[in-house]
Amino acid sequence: MTEAPTLNLKIEFGGGLELLFDNKRSHRVALPPPPPSDTQAAPTDINYLIQWMKDNLLRERAELFIENGTVRPGILVLVNDTDWELEGEGEYELKEGDEVVFISTLHGG
Amino acid sequence: MPRKQRFDRSRTCVKCKVNLGNLVIRHAVYCKECFTPLIASRFRHAFEPHINLVPAGPRRGLLKPSGDLLIGFSGGLGSTVLLDLVHRTYIGRTFRKEVRGGKEHPRNDRVWTNIRVCYVDISDAFPEMENRTYSVQKAVETYEDFEFVLVRLQDAFDLRWWEKVSGNSSTLSSSLGIDLSSEDLLLSSTSPPDSTPVSAMRTYLTSLPTLTAIHSTISTLIRLLLLYTARSTRSSHVVLGTSLTSLSISLISSISQGGGFVVPQTVQEEWVPAHIEGHPESRAGKGVVRLLRPLREVGMKECTAWAWWNQLPIPGKQRIPVPRHTIGDLTKDFIVGLEKDYPSTVSTIAKTVGKLAPKGEAGRTCAMCELPAQSVVQEWKSRISIRSFTGLDPSGTDASNSLAPFLCYSCHTTLTSRSSRGTGLPKAGGIPALVAPPVWSQARLAQKDHADAQLGTNSLDGLQDRGPEIWETKSLKPDEMKAVVDEFIL
Chain A
1 MTEAPTLNLK IEFGGGLELL FDNKRSHRVA LPPPPPSDTQ AAPTDINYLI QWMKDNLLRE
61 RAELFIENGT VRPGILVLVN DTDWELEGEG EYELKEGDEV VFISTLHGG
Chain B
1 MPRKQRFDRS RTCVKCKVNL GNLVIRHAVY CKECFTPLIA SRFRHAFEPH INLVPAGPRR
61 GLLKPSGDLL IGFSGGLGST VLLDLVHRTY IGRTFRKEVR GGKEHPRNDR VWTNIRVCYV
121 DISDAFPEME NRTYSVQKAV ETYEDFEFVL VRLQDAFDLR WWEKVSGNSS TLSSSLGIDL
181 SSEDLLLSST SPPDSTPVSA MRTYLTSLPT LTAIHSTIST LIRLLLLYTA RSTRSSHVVL
241 GTSLTSLSIS LISSISQGGG FVVPQTVQEE WVPAHIEGHP ESRAGKGVVR LLRPLREVGM
301 KECTAWAWWN QLPIPGKQRI PVPRHTIGDL TKDFIVGLEK DYPSTVSTIA KTVGKLAPKG
361 EAGRTCAMCE LPAQSVVQEW KSRISIRSFT GLDPSGTDAS NSLAPFLCYS CHTTLTSRSS
421 RGTGLPKAGG IPALVAPPVW SQARLAQKDH ADAQLGTNSL DGLQDRGPEI WETKSLKPDE
481 MKAVVDEFIL
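One line per chain: the protein sequences are A and B, in this order.
Going by the numbering used here, 9 is the number at position 9 of the first sequence; the sequence numbering is gapless.
Going by the numbering used here, 105 is the number at position 105 of the second sequence; the sequence numbering is gapless.
Just so you know, the hints here were simulated from the structure itself, not pulled from any lab data.
Incorrect hints may have been included.
Said to hold, decoys possible - Label-pair distances were calculated between CB atoms; the ranges are:
1) A/R61 with B/K351: 31 to 39 Å
2) A/R61 with B/G92: 35 to 43 Å
3) A/P35 with B/R324: 31 to 39 Å
4) B/G337 with A/E60: 18 to 26 Å
5) B/G337 with A/R28: 26 to 34 Å
6) B/E128 with A/N23: 18 to 26 Å
7) B/L20 with A/E67: 48 to 56 Å
Stated by the list, open to error - Here are the computed lysine-lysine pairs in the BS3-like style, where the Cα-Cα straight-line distance is at most 25 Å:
8) B/K17 with B/K32
9) A/K24 with B/K138
10) A/K95 with B/K286
11) A/K24 with A/K95
12) A/K54 with A/K24
13) A/K54 with B/K340
14) B/K15 with B/K340
15) B/K32 with A/K10
16) B/K164 with B/K286
17) B/K286 with B/K15
18) B/K32 with B/K340
19) A/K54 with A/K95
Just so you know, even glycine gets a beta-carbon here, dropped at the ideal spot from N, CA and C.
Extracted from the complex, chain B is given alone in its bound form (with noise of 0.2 Å):
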């Protein structure tokens, strides 16, 4: 049977209609001088409506935003195909080429004050891996006006960081310890005997229970760095070179690991820091960082593309030293493989899951991921879950110091899933009882503590109330688990 053509129609272009075409795009063709312009105006779709605080049109005149750009690069192919695409529609040559109606003008300001480019480097959270800090700060500064900032994974377990980005040191007096081998994940007062950043950063990732628990562990501590950074450096947007190929990826990869609440988050983000959290300031939009992924219209063919015609330097992003059976690698072959024979579905996915909302309100936010969450994650487990009440005594867990409460139902999956093959790396330190939280992870919950002390009250004695419920694990027969399960049968 021959084989079927990837492209509709004829090999000129569908824009110009007068060249032959040099790429095929989801079944079109276009010609390398239109697919620049192409690409420019999918990422300035993308963006430029959510650079006001209220939307007002892609018209770059009315663009004035609330404070300066961060961009988060990796290293890779999609952030460094973003810097580029930045740099030419906001500093560059494509940007000075549309100065109108004279130097003074007020439309043909800078949309950004600054433009700070933010790389987070993970080099230390395995002992084998490389730091290429240098290559990728010289990728950087081959771009004007660009200012470099540095952030290292182990931040997120530093209190002199936190007391720099946060400006506030006394939420932090004493540190928290929490133990992962309980489904409650009890805190402790006692903390870790870890002595320096390096060491809590390590001692966390290797006692995570599986290899796509360290990897989601490790995005989700760089997505709040970059946060952090953001609010620190008065950066009202950020913007990551997530592609769609790889937002695909992120969105079926996240939603696998009990990510669904967040499902409109993953594609989008206004993040509210913890100190103006319920203040009629955040709720008008004032301090609320923005994430954004510009990329999002673009797949991975045309940021390659894109990156080979222009000739740009690709750093490289550095992958993380652990056996690739994660969900998340899982995902992205299937993906990728799917997207070599129908490009098109690949789009559908990002676009068709970028529609969906979660069921009900989000009832607060997680003190591990800082995204919406469901109220009560206990509650919800037990009502997807088969459970026993038995009249075992509760008094062995005790759920004022637990920090599962807290979390939302993707971390406390994260933090507490097993399997069965576990994650086989050499755990830093033997097994530890405690491992400290991230630090935006012990502020928080030191804010409840506070906030609980003045009331005189315990934030979870809504949860207490609940009477002596707690989980058992047991094994059924067949007939017992139909029993239990019947009247939910059609």
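Just chain A, same shape as in the assembly (with noise of 0.2 Å):
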């Protein structure tokens, strides 16, 4: 079995949620491959990047981000720009160079 390959992504923070992350709207990362599970390879997806952001990037108050393995419900994901509904929520498997972007829809009216 050959191992999947590091994936360098940007990932990028809007509606007040870079505050959680060390203030900074746009990062660059390199997501290691998921360790493989017993009986297959795990996949590299956006509930493992969720995971592996909640590890190695998030600073603070992690019940803001991630709730139920998953983001919390008012958290838009983008990816490459499209809406994450659109292209399979969690389960999208990440490509080298792909744009996730996590805009907060709850900063107020």
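Put the two chains together into one complex; each comes in its own frame, and the hints tell you how they fit.
Listed below in structure tokens is the structure:
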């Protein structure tokens, strides 16, 4: 079994979410492949990215970003400028050079 | 089980049917090119039919407002998007592009002579809040032709501000105090000892019985400050950036707090200033301020996408530094969670509630929130709650000095409904005996006193004639409770 390569991604934050990530709106990250499970290779999808971000990028108040293994309701996710709902949400398999944006919609009216 | 996809049919845009979609809006897919005109047309569709005094269709050539426009700007997402849409539609590139038939053609006149952006700074409400006026003002100044107006929350307790916006200094010669410790909200002509508007505001807010009451009172104060500012700047329309999601939250939250009677006004309001109330002018719509929510058909998700794709800077709305255990916060968590899985249901809430109308005519205007109120709140409360009549001496409560008959059910509940937990906030200067109400309430009460004095009657005589009826709370055993409600049980 060949190991999945490390992916270079661009991650951006908007709507105040950047405050949880060192107050930086744009991050370039090298996403390592997920550790393989016993039966099959784990996919490098957005669900994995979210977990990885929680462990490696998130600086404070994880409950404002993550809920039940995915992003909290009220956070819009765009993958290459397209709503992640069109791409299969957390199951979208990431590719080299992908741009993922997380924007909080909860900054008041 | 495979996850259900969140969009109907294919990934192609439902409008142009050519491009691949970029955003899913309530199960429909739109590309970026079609998204911009979609939002712009939803904004105009919700706003323009209400610009003329008498609705005359959505055509711009016919739009003739009776005054200027005031935009209520909180610094949050919705109001940032609203600011951008108003600028694009009535001042900026889109407006100039639509000019047809020569520069001087009346169709191409600007709809609004002046557009002002009013920001209500609430940073003095609690000592730990940060003042964001500078960043908000910078965000507004990125647009040409908008005039920035700053109002502070404490202005609601400032007699000098009241003189400025009402143009009438005589109505408030002496200030009033309310005793929030009793359900009757007894009034006293002895003014509370607060020396500045900021301390009067903090005393008022920290004296409120619940965290929910603090949130809803701040919203009411902001709404009235905007409306009085609109009146003083000769604005006929006030627009707020309440999105579809925020509207659903406010509707459910307002109904939960006893605001069922003003459901139509939560969506759209025609505010009649006290000085023209009942005049033939106001019945014809003159001097009336219309409060509209032009983003009421645009969800929070679309607002976010609009702000992101147009790179709009969002200064951020100020958060009130109290624990998030209010009815409003719980409703928000529920609706936002619901929107993730059932986006159409959130729209259904706003649309269904928008069709509701209260039973019966409004008897009067509430002295606190200036919204329509049922005739006698106490009488209505007596019909929905179990009361005991005893031979207790009613002289202990003097109804002629009570604020309760001048309030709507929601404001009365806000001021009197207590929680077993309390607010947990330190009271400014200990527990005050009296707190000063907002200036407009004082003016209304002074006006009524003046009218009563001229007629030689007391407006509360009607209430007093009802006999020695007073409230009493006593614990009942289950059998006794059943006996009381027995005749109502089917």
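Now for the hints, and whether the structure bears them out:
In this structure the hint that A/R61 and B/K351 lie 31 to 39 Å apart at CB holds, the actual value being about 35 Å. Checking the proposed 35 to 43 Å range against A/R61 and B/G92 shows it holds: the Cβ atoms sit about 38 Å from each other. A hinted range of 31 to 39 Å holds for the C-beta pair A/P35 and B/R324, which are about 37 Å apart. One distance hint, 18 to 26 Å for the beta-carbon pair B/G337 and A/E60, holds here, with the actual separation near 22 Å.
Taking 26 to 34 Å as the suggested C-beta distance range, the pair B/G337 and A/R28 conforms, at roughly 32 Å. Separation of B/E128 from A/N23 is about 20 Å and conforms to the stated range, judged on CB atoms against 18 to 26 Å. A C-beta distance of roughly 29 Å is found between B/L20 and A/E67, which places it outside the suggested range of 48 to 56 Å. About 12 Å separates the Cα atoms of B/K17 and B/K32, which keeps this hinted pair within 25 Å; it holds.
A C-alpha spacing of about 21 Å is found between A/K24 and B/K138, which places the hinted pair at or below 25 Å, so the restraint holds. Distance hint between A/K95 and B/K286 is unfulfilled; the C-alpha atoms sit about 61 Å from each other, more than 25 Å. A hinted pair counts as satisfied when its Cα atoms are at most 25 Å apart, and A/K24 with A/K95 qualifies at roughly 23 Å. With a C-alpha separation of about 15 Å, the suggested pairing of A/K54 with A/K24 holds against the 25 Å cut-off.
Simply put, A/K54 and B/K340 have alpha-carbon atoms about 21 Å apart, close enough for the 25 Å limit, and the pair holds. This hinted pair checks out: B/K15 and B/K340 have alpha carbons roughly 23 Å apart, not beyond 25 Å. Between B/K32 and A/K10 the alpha-carbon distance is near 21 Å, which keeps this suggested pair within the 25 Å criterion. Annotation: proposed proximity of B/K164 to B/K286 holds, straight-line Cα distance about 21 Å (limit 25 Å).
Of the supplied pair hints, the one linking B/K286 and B/K15 is violated, its CA atoms being roughly 41 Å apart against a limit of 25 Å. Pair hint B/K32 plus B/K340 holds up; C-alpha atoms about 21 Å apart against a cutoff of 25 Å. Of the supplied pair hints, the one linking A/K54 and A/K95 holds, its CA atoms being roughly 20 Å apart against a limit of 25 Å.
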